[in-house]
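If you follow the hints, you should be able to join the two separate chains into one complex; please do so.
In order, the protein sequence lines correspond to chains A and B.
Under our numbering, the first residue of the first sequence carries the number 1, and numbering increases by one thereafter.
Under our numbering, the first residue of the second sequence carries the number 1, and numbering increases by one thereafter.
You may find that some hints are simply not true.
[What the hints assert, rightly or not] Computed, partial: chain A to chain B, Cβ under 8 Å: (1) Pro102; (2) Leu105; (3) Thr109; (4) Ser112; (5) Glu131; (6) Gln286; (7) Leu427; (8) Gln431; (9) Gln432; (10) Asp453.
Note that these hints are calculated values from the structure, not bench results.
Ideal Cβ positions, reconstructed from N, Cα and C, are used throughout, including at glycine.
These are the residues of each chain, in order.
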Amino acid sequence: MRTDRTTTPARRLGTRVRTTRLAAAGLAAVLGSGLLGACADDGSSDSASSKDSSGGRKTTVSVGVFGVFGYKQAGLYDEYEKLNPGISIKENSTERSEDYYPALLNHLTAGSGLSDIQAIEVDNVNELATEQADRFADLGRANGVSEDDFLKWKWDQAKTEDGKVIGLGTDIGPMGVCYRKDLFGKAGLPTERDEVGKLWAGDWDKYLDAGEKFTSKAPKGTHFMDSAAGLYNGAVSGYPLKNYSRSGELVYKKSPAVRESWDLAMRAIDGKMTGKLKQFDTAWDQAYANGTFASVICPPWMLGYIKEKSGSRGADKWDVAPAPKPANWGGSFLGVPEQAKNKDEAVKLAAWLTAPEQQAKLFKKQASFPSSAKALDMPEVKNAKHEYFDNAPIGEIFAKAAKDIPTTVLGPKDAVVKQNMSDVGILQVEQQEKTPEQGWSAATKKIDDAVED
Amino acid sequence: MAPPDTRVRDRSRASTEGPQGNGPTSGERPGAGRRVGDSGRVSRLHRWDAKWSPYAFIAPFFLFFAVFGLFPLLYTGWASLHSVSLHHPTQMEWTGWHNYSRLLEDEFFWNALRNTFTIGVLSTVPQLLMALGLAHLLNYRLRGSTFFRVAMLTPYATSVAAATLVFAMLFGRDYGMINWVLELVGIDHVDWENGTWTSQIAVSSIVIWRWTGYNTLIYLAAMQAIPGDLYESAALDGASRWQQFRHVTIPALKPTILFTIIVSTIGATQLFGEPLLFGGSQTGGGSHQFQTLGLYLYEQGWFNFHLGRASAIAWAMFLILILIGLINWLIGRRLQKSH
Numbered sequence: 001m002r003t004d005r006t007t008t009p010a011r012r013l014g015t016r017v018r019t020t021r022l023a024a025a026g027l028a029a030v031l032g033s034g035l036l037g038a039c040a041d042d043g044s045s046d047s048a049s050s051k052d053s054s055g056g057r058k059t060t061v062s063v064g065v066f067g068v069f070g071y072k073q074a075g076l077y078d079e080y081e082k083l084n085p086g087i088s089i090k091e092n093s094t095e096r097s098e099d100y101y102p103a104l105l106n107h108l109t110a111g112s113g114l115s116d117i118q119a120i121e122v123d124n125v126n127e128l129a130t131e132q133a134d135r136f137a138d139l140g141r142a143n144g145v146s147e148d149d150f151l152k153w154k155w156d157q158a159k160t161e162d163g164k165v166i167g168l169g170t171d172i173g174p175m176g177v178c179y180r181k182d183l184f185g186k187a188g189l190p191t192e193r194d195e196v197g198k199l200w201a202g203d204w205d206k207y208l209d210a211g212e213k214f215t216s217k218a219p220k221g222t223h224f225m226d227s228a229a230g231l232y233n234g235a236v237s238g239y240p241l242k243n244y245s246r247s248g249e250l251v252y253k254k255s256p257a258v259r260e261s262w263d264l265a266m267r268a269i270d271g272k273m274t275g276k277l278k279q280f281d282t283a284w285d286q287a288y289a290n291g292t293f294a295s296v297i298c299p300p301w302m303l304g305y306i307k308e309k310s311g312s313r314g315a316d317k318w319d320v321a322p323a324p325k326p327a328n329w330g331g332s333f334l335g336v337p338e339q340a341k342n343k344d345e346a347v348k349l350a351a352w353l354t355a356p357e358q359q360a361k362l363f364k365k366q367a368s369f370p371s372s373a374k375a376l377d378m379p380e381v382k383n384a385k386h387e388y389f390d391n392a393p394i395g396e397i398f399a400k401a402a403k404d405i406p407t408t409v410l411g412p413k414d415a416v417v418k419q420n421m422s423d424v425g426i427l428q429v430e431q432q433e434k435t436p437e438q439g440w441s442a443a444t445k446k447i448d449d450a451v452e453d
Numbered sequence: 001m002a003p004p005d006t007r008v009r010d011r012s013r014a015s016t017e018g019p020q021g022n023g024p025t026s027g028e029r030p031g032a033g034r035r036v037g038d039s040g041r042v043s044r045l046h047r048w049d050a051k052w053s054p055y056a057f058i059a060p061f062f063l064f065f066a067v068f069g070l071f072p073l074l075y076t077g078w079a080s081l082h083s084v085s086l087h088h089p090t091q092m093e094w095t096g097w098h099n100y101s102r103l104l105e106d107e108f109f110w111n112a113l114r115n116t117f118t119i120g121v122l123s124t125v126p127q128l129l130m131a132l133g134l135a136h137l138l139n140y141r142l143r144g145s146t147f148f149r150v151a152m153l154t155p156y157a158t159s160v161a162a163a164t165l166v167f168a169m170l171f172g173r174d175y176g177m178i179n180w181v182l183e184l185v186g187i188d189h190v191d192w193e194n195g196t197w198t199s200q201i202a203v204s205s206i207v208i209w210r211w212t213g214y215n216t217l218i219y220l221a222a223m224q225a226i227p228g229d230l231y232e233s234a235a236l237d238g239a240s241r242w243q244q245f246r247h248v249t250i251p252a253l254k255p256t257i258l259f260t261i262i263v264s265t266i267g268a269t270q271l272f273g274e275p276l277l278f279g280g281s282q283t284g285g286g287s288h289q290f291q292t293l294g295l296y297l298y299e300q301g302w303f304n305f306h307l308g309r310a311s312a313i314a315w316a317m318f319l320i321l322i323l324i325g326l327i328n329w330l331i332g333r334r335l336q337k338s339h
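So that you can see chain B by itself, here it is in the shape it has in the complex (with noise of 0.2 Å):
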C-alpha cells in the first residue's frame, strides 16, 4: 500500500504547489491540512479502486453463471421437490422428497448408476494410462512432434454426433468392421449393442478416443515443466528410463493426474451423447445396458414429461459429483502431506 500512496501525495503536492507558487514555506502550512484530506480522498479512491476494480472485471463471469448456472441449478433443486409436468411446466404440486425417496427404490436409477460408474471406469483408466504413456513417448525429441501433437486433439475436435455415428457402424452387428476383422481371425461375429459388457466397451471405446490425446497434451505440458536436471542427476545414479518415468516423471505429475481424474470424472458421471447416439435411443439398449444417468434424466423428462423426477436425478448426479470431489481432495491432501 505505501508505494503508492506516496506517490499519489507527491502528485498532489506538486499540482497544488503549481497555481499558489507561494514558494515552499508560506504555501505550505496553510494549505496542508486542505491538501491532507484532498490526498486522503484520491487515496481512498485509489485504495477502493485498486480493492473492488477486480470484482468489476470478474463480475460479467459470475453474472452469466448466475443467470445460466446457479439460478438453473437452484430452480432445478426447487423444481426437484414437486410433481411438474413438461404439459405445465408452471403448475408444481408440492411433493417434499418423494422424487428423492422414489429414486431409492428405482431400479433403473440404480441401473443407471450402475452403468455409468462401469462405463466410467472403463473409459477414464485405459484413457489416463495411454495418455501417460503416449505423453511420455511424445516428451522424447522426435521428429514432426507438431504434426503427433496436433494429430492427438483432432479426435477431441471432432464432434460426440460425428465421432459416435461412426463407431455404432464400426461396432455395428452384421455389417460392421470390428465384427469383419474377429471373423478374418476365426472368432464369432459379436453383438456389440445387446450385449452388457460389449455394450460398454463400445460406448467406452468412444470416450477413450475422443478424449486421450487431450490429457495427453495436458500431461505433456505438465511434463515439460519438470526440470531437466532432476532427470540428469537420476541419469548419473544410474536411472534406467522406466526407473526415471516411475521416480521422477509420476512424482512431479501428482497434482496434473489429480486434475485429469477430477475431470474425467466428472465427464464420465455426464455421459450422454455417446450413449444416446450409440443406441440411437434414450432406452440406451433394449435392457437399458448402457443407460447412463444423464440418459435416464432425459428419458424422464423429455420421453416421460416427469420434470420433477428428472430434476431429482440431475440433484443426485450434482451430489455424486460433489462427493467425489471431496474424496478427491482428501485424497490429494493426504498424498500431499505423505510428501
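For reference, chain A alone in the conformation it holds in the complex (with noise of 0.2 Å):
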C-alpha cells in the first residue's frame, strides 16, 4: 500500500524522489478553489528559551525535517541533550518532501516559521545554493566541521559558487543493483554476486547483454529489471556532466550523459527486457511480492523496502552485486537559515549530527548510509551486511561505489528534467506504445515549457 511509506528510511525517500503519492485532500480542497498564498505556517518556530525542571534556562534547538530522518529514532537527540545540558532538542516533521519543500521555500521568504534546522533533500539543494544561498549561514567553516570528513562529491553539492556551503551531508544513495538468485539462475546467468558484479562491470550496456540472454530463457511471466525509468536514473547519475554543463547552462538535449543512458532505456523496452512498472507505484509493489522481475537499481535505502515488500516469500532469494558505474540516488543535508533564532546552537547541532561518529550510529540503527567518508571506514559501516540479501556485504559494495561517485555537476532544473523524462518520456514509449521519437519530443517539450521564465 502506497499510504504507509513512513517508517525507513528507503520509504523517505521513497515519498521524495517519485513524485506525488499521497497528495493529502486538504490540499485538493485549497488548490481546488483556486486559493494562492495558502501556505500553512505549521508554528514551528517557537524555539524560544524555556525553564527545565531544575530551574536553569534551556535553549530549545528545532530541527525541521521530513519523513523520517532516524535522529530521534537512533537516541541521538537524547545523546546530545545529555552532552549539552542547557540544550534540548524539538524536531518538527514534515511527512512529505513535495509538501517540505514548498513550505521551506515560503518561510524562508517569509522570514519566520523556520526551525533552526532545516533538512534539504539533494534534488533541491542545488536550487537552493543557487537561488537562496544568501539565506543560508555558511557551515562550511563552522567550528567541529572537517571538509575531509565528507566525501568530496556531496560537499560540493551543497557548495555554492563563491565557495559558501549551504548544508552538511546526511545519508546518500549510492546504487547497487538487486537481483533475485533464482530467476537468474533459471535463465541461465550467474548467481552468485561477484560472478554477476564482473557480469556488467564498467558497462551500462553489458547489463542489458546480461538482460538479453535472460529475455530469451526468462521463466515464465518474469522480466530482466522493473522498469526503463529506473535504469535510466542508474546510467545518468554516473556521468559527472549530465543536464547542465559546467558553466551552469541547461544543455541536457545535447547532454552525451542524457542521450546515452536515454538510448540504455529504449534498448531495454525495445528488447522486453522490463516489467513495464512504475517505480513507487502499487503495481511496483505487488511485483515485488510475486516476484515478477530479476533485477532492479538499488541505493542502500532501498533494500528495507525490497524487504518489505518482496516479504517471506522473498527471502533467501535476493542478493546485491556492485553497479556496473558507480553512481548516487537520494540523500539529504542539514542546513542553518540565517534567520534561525539559535543559530549558532544549530549550526554546533548539525556539526555534531553530521559528524563521522554520528553518522555511523544512524547507519546503525536506520540503516541511513553515510555520507562521512571517515564514518565509511568504521567497522559498524564497513563490516556490515545484510541479513535478507544474503548476507551481502553492503557496507563494502556501497562504500566502494560512494567513493568511486564522480562529483556531478548539478542544476536546479534538474529534478524537472529527470521527472518528465522517466515519467513522460519513457513512460510514453514503455507503456503507451509510442515511438522514441515521439516520447523524446514529449519529454523535452514539457521540460522546455516548465524551465521557460
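Laid out in C-alpha cells, this is it:
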C-alpha cells in the first residue's frame, strides 16, 4: 500500500524521489478553489527559551525534517541533550518532501516559521545554493566541521559558486543492483554476487547484454528489470555532467549523458526486458511480492523497502551486486537558515549530527548510508552485512561505490528534467506504445515549458 | 413597522407615568414633547437594530470569506498578471496578460481543459441519472429504508485518498480485480491507466462512486416534498409508474435537478484528488491523458514553481465556472418561462 510508507529511510526517500504519492485531500480543497497563498505556517518557530525542571534556562533548538530522518529513533537527540545540558531539541517533521519543500521556500521568503535546522533534499540543494544562498549560514567553516570527513562529491553538492556551504551531508544513496538469484539461475545467468558483478562491470550496456540473455530464457511471466526509468536514472546519475554544462547552462538535449542513458532505456524497452512498471507505484510493490522481475537498481535505502515488499516469500532469493558504474540516488543535507533563532546552537548541533561517529550510529540503527568518508571506514559500516540479501556485504559494496562516485554538476532544474524524462518520455515509449522519437519530443516539450521563464 | 412601534410607545408611556403619578390629564401635556422624543429615539434604535443586526449576525461568515475567499481570489488575479516564482513569491514582475495569452497557445492547458470536460461528462451524467433512479426506488415504501439511505451516504463519507487508492488497485493492469474478472469472461486485460478513454472512465468511476449517493439523497428529499395527491390523481387517470415518474416526478424535481447539475459541474471542473492519486503523479498519466485543470495548475505552481501561470489557470477555471453558471441560469429561466 502506498499509504503506509512512513517508517524506514527507504520509504522516506521513496516519497521524495518519486513525486506525488499521497496528496492530502486538504490540498485538493485549497487548490480546487483556486486559492493561492495558502501556505500554512506550522508554527514550528517557537524555539524560545524555556525553563527546565532544575530551574536553569534551556535553549530549544528545533530541527525541521521531512519523513523519518531517524535521529530521534537512533537516540541521537537524547545523547546530544545529555552532552549539552542547556539544550533541548525539538523535531518538526513533515511527512512528504513535496509538501516540505514549498513550505520551506515560503518560510525562507517570509523569514518566519523556520526551524533552527532545516533538512534539504539533494534534489533541491542546488536550487537553494543557487537561488537562496544568502538565506543560509555558511557551515563550511563552522567549528567542528571538517571538509575531509565528507565525501568530496557530497560536500560539493551543497557548495555555492563562491564557496559557501549551505548544508552538511547526512545520508547518500550509492547504487548497486539488487537481483533475484532464483530467477537469474533459471535463466542461465550466474547467481553468485561477484560473478554477477563481473557480468556488467564498468558498462551499462553489458547489464543489458545480460538482460538479453535473461529474456531469451526468462521464466514465464518474469522480466529482467522493473522499469526503464530506473535504468535511465541509474545510468544518467553516474556522469559528472548530465543536464547542465560546467558554466551552468541547461544543455540536457545535447548532453551525451542524457542521450546515452535514454538510448539504454530504449534498448531495454525494445528488447522487452522491463516489467513496464512505475517505481513506487502499487503495481511495483505487487511485482515484488510476486517476484516478477529479476533485478532493480537499488541504493542502500531501498533494501528495507525491497525486504518489506518481497516479504517472506522472497527471503533467501535476493542478493546485491555492484552496479556497472558508481552513481548516487537520493540523500540529504542539514542547513541552518540565517534567520534561525538559535543560529549558533543550531550550527553546533548540525555539525555534531553529521559528524562521522553519529553517521555511523545512524547507519547502524536506521540504515541511513553515511556521507562521511570517515564513517565509511568505521567497522560498524565497513563490516555491515544484510541478512535478507543473503548476508551481502552491503557496507563494502556501497562504500566502494560511494567513494568512486564522481562530483556531478547539478543544476536547479535537475528534478524537473529527470521527472519528465521518466514519467513522460520513457513512460510513453514503455507503456503507451509510442516511438522513442515521440517520447523524446513529448518529454523535451514539457521540460522546455517548465524551465521557460 | 407599525405594531412594534406602538408597543414601544405604549411601554414608554407606562414607564414615564409611573413615577410622575399626576393623573392622566395633568401630567400628559407637559411631558408629552419629551416623551415623544424619547420614544422616537428608542424606536429609531429599534429600527436600526432590526435593520442592521441581521447583518451583524452574518458578518462573521463574510469576514472569513473576505479573508480566506475574496482576498486570495483577488490576489490570485493580481498574481496572474505577473511572473512569480515559488522561490521568491514576493518578487512579482509585471507581465500583463502574458500568462493568459500563453494559455491560449498552451497545448497542455487545452488538453487539461478537454480532459476536465470529458471526465466531467463521463462522471456527472451517469451519476445524476443513477441518483435519480435510486432516489425513485428509495421513495417507495421499503423495509429498512433508513439503512439504505445511510448506506447511500457512506461513499460520500469516505476520503478521496482512501477511495482512490482502492480504485487504483481495482483498475491495476497486472493484478487488478477488474482485469481478473474480464479475463474470467474471456476478454483481454485492459491497461486502464495508459489508455485515454480507459483512464478517464476509471477516474470517472471514482467520482460516480463517491457522489451518486449524495445526489440520491438530495433527489429523495425533493421527491418527498411532492404532494401525494398528484400521484393519486395521475393514477386515477390511468398513468403507469413510469408515466408518473416522467410526468409528475421529473417536472417537480426540475429546480433540484438544476441545482445538482450546477454543484456537480463545479465539482467536475475542480477535479483534482482523484486523478492525482489514481496515477500517483501530477502529470496525469504519461501522455497527460487524465490531467485535469486542477492537476495542471498544481503542476505549474508546485512542481514548475510558476505561480503566475498557476494563478492564470486558477482564474481561467473561475471564469469557466462563471460561464457555466450563466448558461445554467439562462436555461433555468427558460425552463421556468416555458412552464
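Status of the hints after comparison with the structure:
| no. | hint | in the structure |
| --- | --- | --- |
| 1 | Pro102 | 6 Å, holds |
| 2 | Leu105 | 6 Å, holds |
| 3 | Thr109 | 6 Å, holds |
| 4 | Ser112 | 13 Å, violated |
| 5 | Glu131 | 5 Å, holds |
| 6 | Gln286 | 5 Å, holds |
| 7 | Leu427 | 4 Å, holds |
| 8 | Gln431 | 5 Å, holds |
| 9 | Gln432 | 5 Å, holds |
| 10 | Asp453 | 7 Å, holds |
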